[in-house]
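J.: Okay, here's what each chain looks like letter by letter:
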Amino acid sequence: MAHRTAIVGVGQTHHASRRKDVSLAEMVGEAVRAALADAQLNVKDIDAFIFSNMEAFEGILLPDHGMIAEVGAVGKPGFKVTGGGTTGSEAVGEGCHMISSGLYDVVMVVSWQKHDCGDATAGISAAAVPTFAKGLVTGAVSEFAKQALSYMKDSGAREEHAAMIRLKADRGACRNPYSHLKIGLTSVDEVLKSPYLVWPIRLYDFCPQSSGACVVILASEKSAKKMHQKPVWVADFEVVHQEPFRAGSFGDPTGTETYSQHVACERLYKRNGITDVRKQVDLAEIYEPSTWEEISLYEHLYFCEKNEGWKLVERGATEIEGEFPVNCSGGVLATNPIGATPVLRIAESALQIRGDAGEHQATRDIKSAVATALGGPNWTALFLLKRSL
Amino acid sequence: MADRVAIVAAAQTKYHPNRADVNEAELAYEAIKQVLEETGLTLSDIDSAVTCCQDAWDGRTIASLNLQHVVGAHFGHEFTVAEDGINAAYVAMSQILSGDHELVLVESHMKESQSDKSIIENAGFDAILMRQLGLDYTSAAALQATRYMDKYGITPEQCARVAVRNHSNAKGNPFAQSPMDITVKDVLKSEMVADPIRLLDTKPISDGACALIVTTEERARKLVNKPVWITGASNCYDTHYLGDRELADCDALVKAAKKAYGMAGINDPFTQIDVAEISTEYSYQEPLWMEGLGFCGRGEGGKLVDSGAIAMGGQLPVNPSGGVLPGNPNTVAGMARIAEAVLQLRGDAGARQVEGAKVAIAHGYTGICGQHQAVMIITNV
Amino acid sequence: MAALTEKLEGMDVWVYHGQINIPNTYSAGAVGSRFLIELRDNKRIMGTRCPKCNLVYVPARSVCRDCFGQLSEWVEVSNKGTLLSHAIARQPTPVQPVPPPIIYGIIQLDGADTGIVHMLGEVDPTQLKVGMRVKAVFKTKKQRVASILDIKYFKPLRTK
Amino acid sequence: MAQASPQKQPEQPEYISIKYDLPRPYHWSTGKYLGKLYAEAKENKKLVADRCPKCKELHLHAPTPVCPKCKVDMGWDWAEMPLTGTVFQYTYQVYPLFDPHLGKVFADPHPPAIILLDNGVYMRHRLEETDTKKLKEGMRVQAVWEEDYERRGQGFQDILYFRKIEE
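Protein chains in written order, with the numbering used here: chain D, 1 to 389; chain C, 1 to 381; chain G, 1 to 160; chain B, 1 to 167.
Extracted from the complex, chain D is given alone in its bound form (with noise of 0.2 angstroms):
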C-alpha cells in the first residue's frame, strides 16, 4: 500500500435480538457517535465514509440513503458495499484503499445489520440462484451442517469439542458488554442438551441474529499519529472469493478442493514473513457461524494442522489466558449483526491490541493480531492488525 493506514476509532451499539427502542438510522448513528468519541474526532473530521450491510435482511433499496443524516454524512463523500458475509472486511478494505490511494485522509466505515426488521434465515435462503437451487438451500444452518458432519468423520472430534468452543464463547461474552447471547453455561452438558436445529446442529452450535452497528474510524499515518495516543496498524489484508464446488456451500464437503481461506493465508501470510502462525501472531478474532465452523477454521486458517483443531480446544490454547486467545468477545457465536460482524472482528482486535478491551482483554500481551470474516460460498477476508510497524 502507498500510505499506511491505522485504526483511530471504534464504536459498537450493545447488540440484541431487538432494539424497539431506535430506528434502524437512530440505532447505527449509536455506533457512530460512540466511535467518534472513541477517536476524540468531530463528525466534520471525516472526509469520506463507506457504508456496508446485507442489503437483503432489511429489505430496503439503498439502505444507506435512509440514514445519511443520523450518521452525519449530508454533504460527505462515500458509497455503500454489499455482497456476502464478508461485506464489512470488505468495507474496511475499501476504506484502506480511499486512504492509501491518497483519495482521502480520515474514512469512516459504517455497518450494520438491524435483524429485527426481517429474517435472516429467510434472506440467506435466498441466496439460492432462484432458476435452479431454489428449496435446495434453506438457510445457512443446513449448509454448516453438512460442514460440521464433514468434519466429525475426517478429525474423529466429538460434539463435546464443539460443545466447549460454545462454553468458551458463552464465557467470553459474559464478559463482554456490548455482546448479545449472554447465556452463562457452566458446562458441556448444558450444551449438549440444547435441541438440533438441522442435525448434526444444535441450537447452542450456531450464532444468533443480532441488531447493532460497529464503527471504525481509518486515517493515514500521517493523521493517524496526530489523532491518537494508540493507533492500530493495518499492516496487510486479503480478500478472496470462490465460487461452490462439489455441491456444498462453505468449502468443499469432500475436503479434496482448496478453500479459499488456504488462499488468502498463503498470500498474506508470505507477504508478512509468518511460517507460525500462533507463535507470530498473538490473538485471533475469526468469523464464526458455528462451533464446528471455528474449529476447523483453526486449522483451514492455518493455526494448527489439519484434524488436530479439536486439539487445541482440549487444550485450551485458545482461551482467553490461552497460548492463542480466539474470540476473547465472545465472537459471532454471541453476536451476529452480519453485516457489521466483520468490522466487530476487526474492531475487537484493535482493542485487544490497544489493551482497551476491559473484562476480555486477553492475558498476554497483544502486539498483533488476525481478524477474519466468512461469506457467500466460503469467501474470506484476512486482516492482519499490529500495534507498531
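Hint data in this document are derived by calculation from the structure and do not stem from the laboratory. Given the structure is predicted, the values throughout are model-derived calculations rather than measurements. Ideal Cβ placement from N, Cα and C applies to all residues, glycine included. No incorrect hints appear here.
Have a look at the derived ranges for each label pair, beta carbon to beta carbon:
1. D/364 x B/22: 52 to 58 angstroms
2. D/258 x B/45: 31 to 37 angstroms
3. C/268 x B/76: 52 to 58 angstroms
4. C/218 x D/258: 28 to 34 angstroms
5. D/177 x C/44: 47 to 53 angstroms
6. G/42 x C/271: 54 to 60 angstroms
7. C/47 x D/315: 35 to 41 angstroms
8. B/57 x G/145: 53 to 59 angstroms
Here the structure of chain D is known, so what remains is to put chains C, G and B in place on it, guided by the hints.
T.: Quick look at chains C, G and B alone, frame taken from chain D:
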C-alpha cells in the same frame, strides 16, 4: 493526483426493454467479453473486479453471486458497490492508486424488466415517514420537477426540448434502446405519468450491462494505443427526507463536482470541458444537473437548454449518445456515461463523435431525486 | 405445483415467475414513536428543534441534518402550512395506499423549518399552486393507528 | 476502557413499528446455459452438465458460460449425467424455517443431501426417505422424475427426489 489512472477499454450491450433470453451473468459477460477482446486480456489477467448490482433488483441475496465466474473472481477479489455504476469506477481508481491492484475489471448490469419498478423503488423510501405514502422514484421526481420549475421558472417546453434533443442524439448511438425523431409538441402531448412529468420526459424500462478495464499508466501504455485518463472524481450524499432538502438546488452535486474539478484543475467547466455525458432519467434533470455541475448559474439551466450550446456542434455538447432518456437501466446509467466519454476521447464515437474532444465529464446519480451524486473527469491528453 | 416457468418462444430459455416474500417490520424508535403516537392520540403534529441551528424539524427527528446534534426539544407545530411542491401520480402501482390519481405534496407547516411529505385531498388539480395554504385532515379516531397515514391528507385552507 | 458507551434512550411505554408484507415479483431467466438443463430435463428426462474445454470438469452446479476455475469460455459441450449414485452426506431439518420463495414457514420433510453420482459428480438434492433412522451415508439412490410432462419444466425440480435402491 501524482499517479494517473487509465481506462483502457469500455463496452456496453445494446440496451433493450426485455432481455429475458439471458440471465445476469450472461448479460454481464456480453460486455465483459468485449473489453477483454479490446485489450487482448483474459479473465485470468484481471486481479480485481468491482461490480455494481443491488439485491432488490436482482431478486437475490448477495446479488454478485450471479457474477463470480464471469468476472474471474474465483480465488480473486470481487467487490460490489451498491450505488450507480459510476462509483464502481471510482472504487477501481482507488484500488489502482493504492498500488494494491493493477488491472481492475469494472462491471455493472441491470434487468429492470425482471421485477416491478414501483415495488422495488418504494422500498427505498424511509419506512416510517414516506414508504406508506406509496411513493416511487417517478412521483418523487415529479415533486422535484415542480419545485425546480416553480422556483426558477423552468418551462415544460424547455424540459420537452431536452427529451427531443436526447432522443434525436440517440440516433447516432448503436447501443441506444429507443432513438426517436420527436417534436416538443409530441412530448407535451404524450401521456401524463406524474404531473408535471409526461411519458416522453421519462426513460423506458431497460436491460443492459456495461464493463470497463481500469489500470495504471504504465500498464495502459503497453496494452492499448489510446488510453484515456481519469483526472478527477468524487461523489457526495444529500440527506434522505424529501422535506429536508431544497429539491430545486442539488447541493450534493455541487460538492461532488467541486471536488472533482479541483483534482482535475478545472475552474471554468463550461469552457474547459469538451463533452458531457449526464445521467438524465427525467427531462427536467438535465438543466438541474447542469446547474449543479456549474455549466451555468442557478436557475439558468432552462436558458442553457434553449441556447443550443449543448447541442451537437455547440460549445459543450451534452449527451451526444442520447444519454439515459432513450433507455438505460438504473445502476448501469452512470457507468455507461463513462463508457461513452471514453469513446468520445478516443475518437471512436462514430456518428455521435464530438470532434477534437479532449476533456469529458461523466455524471451519475443514485437514489431518490438524486440523493447521491457522482462525477468523473476524463481526458485523452 | 402449478407451472411457474415459461419457455421463451423459439429458444431453450425459461423464465421463472417467482417472488421474494419476506415480511419486514421497521421500528420507529423512541422519537418516531412519539411523533406517530401524537398523531394517533392527540391529532398533534410534532417537531423537534435544534437549538444550535435554530431549526424545527417536522416530522420530529432525533438528529440535526446540519450540525449532527441530538435533538430533544419537542415543539408542536400548526396543522396549517404552505405548499412547497406538488405532483400527481396517475399510474396505478401495487404500493399506493389509495387508488390514483394521488396528489403528493411537500408542506411547510407554520412553525416548522422543513417540509412534511404527504398527500393532498379535496383539491382541484388545476388549482394546485406552490405557495397555496393547506391544512391537515386527520382520519377518525377509530381509523388512526399511529402511522403517517393517520393524517388522511392536506386540503386547501379555503375550498370553493 | 476508552470506548464510549452508546447513549441509551430512556424507556417509554409504547414503541411503534410499521409492517410491510408485499411480495416482490420477479421474472428470473435461466439464460442459455441453465436453459439447456431445463430443456433436457423436460423433454428427455435427462440431467446434463457442461464440460470445461480446459480442465474437462463437469459443471452441474450450475451450468455457466465461464469455467470458474479456468476462467475460460465454456463453449457448448454437454454430457449426460447418470441418474444413480450414493449418498455422500445428508442432514435433516428439525426446525421449520421461513422460505423466501414460498413466503411462509416451511420444513422440507425430504432430507437435503449431497449425492455422489456414478460418474463422480457431486449433486445437491433431497432424499425420498423421510424416516431419518433409515438413512445412511453410502446408501444407493436413484433419481425419481416428475412423470407429468406438463409439470416438468422446473429444471432441477423436475427430479422430485432420490429414492433408495437395492443392488
